[in-house]
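Undergrad: Sequence:
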Amino acid sequence: MSTKQKKRGRKKTETWVFSNFILLVTIAAAAAVGGLYWEASHFVEPGPSRFDTIVTIKPGTGLKQAAQQLADAGVVDNATLFRFGVARRKASAQLKAGEFSFPAHASMSDVLDQIVQGRSIQHRVTIAEGLTSAMAVTLVNADGVLAGPVTATPPEGSLLPETYAFERGTTRELLLARMRQAQADLLAMLWPTRKPGLPFVSVQEALTLASIVEKETALPSERPRIAAVFINRLRKGMKLEADPTIIYGLTKGYPLGHSLRQSELARSNPYSTYQIAALPPTPICNPGRDSIAAVLNPPDSNELFFVADGHGGHVFASIADEHAKNVAKLRALERSPARRGP
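First residue of the sequence shown: 1, per the working numbering; consecutive thereafter.
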């Protein structure tokens, strides 16, 4: 074979190799493009889970472990594909820990969005108006989703009654701190706008009076009027004569289980506003927003008395004679056969 023929042969071989290389590159590129197209389509397709599924991703969990958790729970069909999809979307560093509830058939895209947005399950605990701090701690301790111990009961009256949302693993101490901060924020807003000339000079005194208002009525509409009565009495140096203060001094706010007895009224009690012509030494419960607002901005009134009307509310009076008549009506109602029953 001549040199010229050898050169032609090598050239044909090189051309064939190059052509095949180009073909292989083209096929690989097409496969890659097709693969990426398929991945993009698969990432938004409905997932395999048939039911809502809860998965807890703990703090410090990496993408590989999180993807495997999701696959093991049946939320995604393939851990490797999910990892690739997260990495392709440059979201690896955006994943958040939490307890997540993924809806049935959630796509990988939906799952990733929920984790990145940190839309974890929100649990709730409600602290009702009028509960003492010890009662609030009992509720917090009874919640099995919260973590850690309560090291000390918060001061009486320092918590704002509300419904509080929290994530699994939130500590009890942190939740109680949120309740205290919520009350501090409310007082920071209301205290500067209080009505001039109130017969108390501190936030603590305002909270103490608000706690008495809270325990005197379950009707929000009555709280401003009752607050005005107590403020009028304080201005005149009169005793508040509020039954809930006696009960707090006897039981720390837990129900007596019976009507107040004369012996309990007479017992020495630093909280009894039948014995002291002033506010008790501390609040007697945790008052709500309405009671605090009522005490800081009471309506103008000359009323000094109120008594239960026998139907869940109260009747009010400005003079003792009128009040005595209202009390007599209540006693007559209590003695009536219809009220006593058969």
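These are calculated hints, taken from the structure and not from any lab test. Glycine is no exception: its CB is placed at the ideal position from the N, C-alpha and C atoms. The reader is advised that the hints may include incorrect statements.
[What the hints assert, rightly or not] Computed list of lysine-lysine pairs in BS3-like fashion (alpha-carbon distance at most 25 Å, straight line):
(1) K96 <-> K64
(2) K195 <-> K252
(3) K252 <-> K239
(4) K329 <-> K239
(5) K236 <-> K195
(6) K90 <-> K58
(7) K325 <-> K239
(8) K58 <-> K96
(9) K64 <-> K90
(10) K325 <-> K236
[What the hints assert, rightly or not] Ranges between beta-carbon positions, derived for each pair:
(11) E334 <-> D185: 25 to 31 Å
(12) D113 <-> A134: 38 to 44 Å
(13) K252 <-> G197: 29 to 35 Å
(14) K96 <-> E334: 20 to 26 Å
(15) L256 <-> A104: 34 to 40 Å
(16) G312 <-> A91: 54 to 60 Å
(17) P220 <-> Y274: 23 to 29 Å
(18) V44 <-> L139: 39 to 45 Å
(19) D309 <-> Y274: 19 to 25 Å
(20) S41 <-> A134: 36 to 42 Å
Undergrad: Next step is simple, just say for each hint if it's right about the structure.
TA: Hint-by-hint comparison with the structure:
The suggested pairing of K96 with K64 holds, with an alpha-carbon distance near 14 Å, which does not exceed 25 Å. Distance check on the hinted pair: K195 and K252 sit about 31 Å apart at the alpha-carbon level, beyond 25 Å; violated. For the suggested pair K252 and K239, the alpha carbons sit about 21 Å apart, so the restraint of at most 25 Å is met. Only pairs whose Cα atoms come within 25 Å are accepted, and K329 paired with K239 is accepted, the gap being roughly 23 Å.
As the CA atoms of K236 and K195 are separated by approximately 18 Å, the hinted pair is consistent with the 25 Å bound. Restraint check for K90 and K58: the C-alpha separation of about 21 Å stays at or below 25 Å, so the hint holds. For the proposed pair K325 and K239, the alpha carbon gap of about 20 Å is at most 25 Å, so the pair holds. Restraint check for K58 and K96: satisfied, since their Cα atoms lie roughly 9 Å apart, inside the 25 Å limit.
For the proposed pair K64 and K90, the alpha carbon gap of about 14 Å is at most 25 Å, so the pair holds. Of the pairs offered as hints, the one joining K325 and K236 holds, with about 22 Å between alpha carbons and a cut-off of 25 Å not exceeded. The supplied range of 25 to 31 Å is broken by E334 and D185, whose beta-carbon atoms lie about 43 Å from each other. Taken as a hint, the range 38 to 44 Å holds for the pair D113 and A134, whose Cβ atoms sit roughly 43 Å apart.
Restraint check, K252 to G197: a C-beta distance of roughly 33 Å satisfies the suggested window 29 to 35 Å. A C-beta distance of roughly 60 Å is found between K96 and E334, which places it outside the suggested range of 20 to 26 Å. A beta carbon spacing of about 52 Å between L256 and A104 contradicts the range 34 to 40 Å that was offered as a hint. For the pair G312 and A91, the supplied restraint of 54 to 60 Å holds, since their beta-carbon distance comes to about 57 Å.
Between P220 and Y274 the C-beta distance comes to about 26 Å, which sits within the given range of 23 to 29 Å. Between V44 and L139 the beta carbons are some 43 Å apart, a value that agrees with the proposed interval 39 to 45 Å. Taken as a hint, the range 19 to 25 Å holds for the pair D309 and Y274, whose Cβ atoms sit roughly 21 Å apart. Take S41 and A134: their Cβ atoms lie about 58 Å apart, and the range 36 to 42 Å is violated.
Against the hints set out earlier in the document, violations occur for numbers 2, 11, 14, 15 and 20.
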